[in-house]
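There are 2 protein chains.
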Amino acid sequence: MDELSIKLVIASWKQVVSRLDQRLAPLDDEQLQKQIAPDRNRLFYLLGHLTAVHDRMLPLLSIGQRLYPELDEVYIANPDRSLADPLSAADLKTAWGEVNTTLISAVEKFSADDWLKKHAAVSEEDFAKEPTRNRLAVFLSRTNHVSFHAGQVVLVK
Amino acid sequence: MDELSIKLVIASWKQVVSRLDQRLAPLDDEQLQKQIAPDRNRLFYLLGHLTAVHDRMLPLLSIGQRLYPELDEVYIANPDRSLADPLSAADLKTAWGEVNTTLISAVEKFSADDWLKKHAAVSEEDFAKEPTRNRLAVFLSRTNHVSFHAGQVVLVK
Numbered sequence: 004m005d006e007l008s009i010k011l012v013i014a015s016w017k018q019v020v021s022r023l024d025q026r027l028a029p030l031d032d033e034q035l036q037k038q039i040a041p042d043r044n045r046l047f048y049l050l051g052h053l054t055a056v057h058d059r060m061l062p063l064l065s066i067g068q069r070l071y072p073e074l075d076e077v078y079i080a081n082p083d084r085s086l087a088d089p090l091s092a093a094d095l096k097t098a099w100g101e102v103n104t105t106l107i108s109a110v111e112k113f114s115a116d117d118w119l120k121k122h123a124a125v126s127e128e129d130f131a132k133e134p135t136r137n138r139l140a141v142f143l144s145r146t147n148h149v150s151f152h153a154g155q156v157v158l159v160k
Numbered sequence: 004m005d006e007l008s009i010k011l012v013i014a015s016w017k018q019v020v021s022r023l024d025q026r027l028a029p030l031d032d033e034q035l036q037k038q039i040a041p042d043r044n045r046l047f048y049l050l051g052h053l054t055a056v057h058d059r060m061l062p063l064l065s066i067g068q069r070l071y072p073e074l075d076e077v078y079i080a081n082p083d084r085s086l087a088d089p090l091s092a093a094d095l096k097t098a099w100g101e102v103n104t105t106l107i108s109a110v111e112k113f114s115a116d117d118w119l120k121k122h123a124a125v126s127e128e129d130f131a132k133e134p135t136r137n138r139l140a141v142f143l144s145r146t147n148h149v150s151f152h153a154g155q156v157v158l159v160k
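These protein sequences, in sequence, are chains E and A. When we follow the working numbering, the leftmost residue of the first sequence carries the number 4, and every step to the right adds one. When we follow the working numbering, the leftmost residue of the second sequence carries the number 4, and every step to the right adds one.
The list makes no distinction among identical chains, and a pair is therefore deemed to hold if it is satisfied within one copy or across any two copies.
As a list, the in silico DSSO-like pairs of lysine-lysine whose alpha-carbon atoms are at most 30 Å apart:
#, residue 1, residue 2
1, Lys120, Lys17
2, Lys10, Lys96
3, Lys112, Lys132
4, Lys120, Lys10
5, Lys121, Lys132
6, Lys121, Lys10
7, Lys132, Lys10
If you're looking for bench data, these hints aren't it; they were derived computationally from the structure.
Using the sequences and the hints, build the whole thing.
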């Protein structure tokens, strides 16, 4: 990928994440307990879910080890309100910021070739057959994922 | 942009649109009148909104003239339920399919250089200063946009 396109792909991610941040950052613990719609996920759950999913991108993109693997059980493996939140709102916000900073600092150093390397969840053999299973594919998919949930977060008044 | 990356960018768009289609296609006129949350947009409005926004991409990406410019007044310039829906559910679904097919057929023919050409809403002069204001930027931004609203559509039971 050329430098300009890489810049745009990263800018697209940053824009979605920063809009979400602007929405969530001012909210306190009580406000984060609000649900996006009746019987639907709390904002708190969505923030935990996105933090866990972005944290999983660290090994997936071969950036490094996970920072908060303990979030998966609560925010990926189980639906909202089935398990207690393991972190306070303040700590979850810190985790969210830390995961995203680690991720973005690393991808900003990716070379054009790095983007087209296989992601960690595909074998060399399968990747040889399907070169689309690369880091760029993961990054585009997760950009859509965060945007999907951002559309839900804005519904809270 | 290399061919593989272009393929991934287009696949990312297609995945979001097709998931939304799977959700909306089986719904009849009455079901499309449901709101995504109390006091929020109807599914019908969101479908009109997305059709109008994607239709605007045709001239913006220099693909061709608009197919449904009459949708803007109802689904972009005004909030939901302020004006009557100009099309039936069946006709709106047809419009949505037609706009997306026209768009995708055209971008699939874009060369690597085409993606980096300026979009139609920026002047040559401004584009010379900001080469990021290209077709790829528009396409990534609209992929996020449709994903944002897809996150809302799934809330309807």
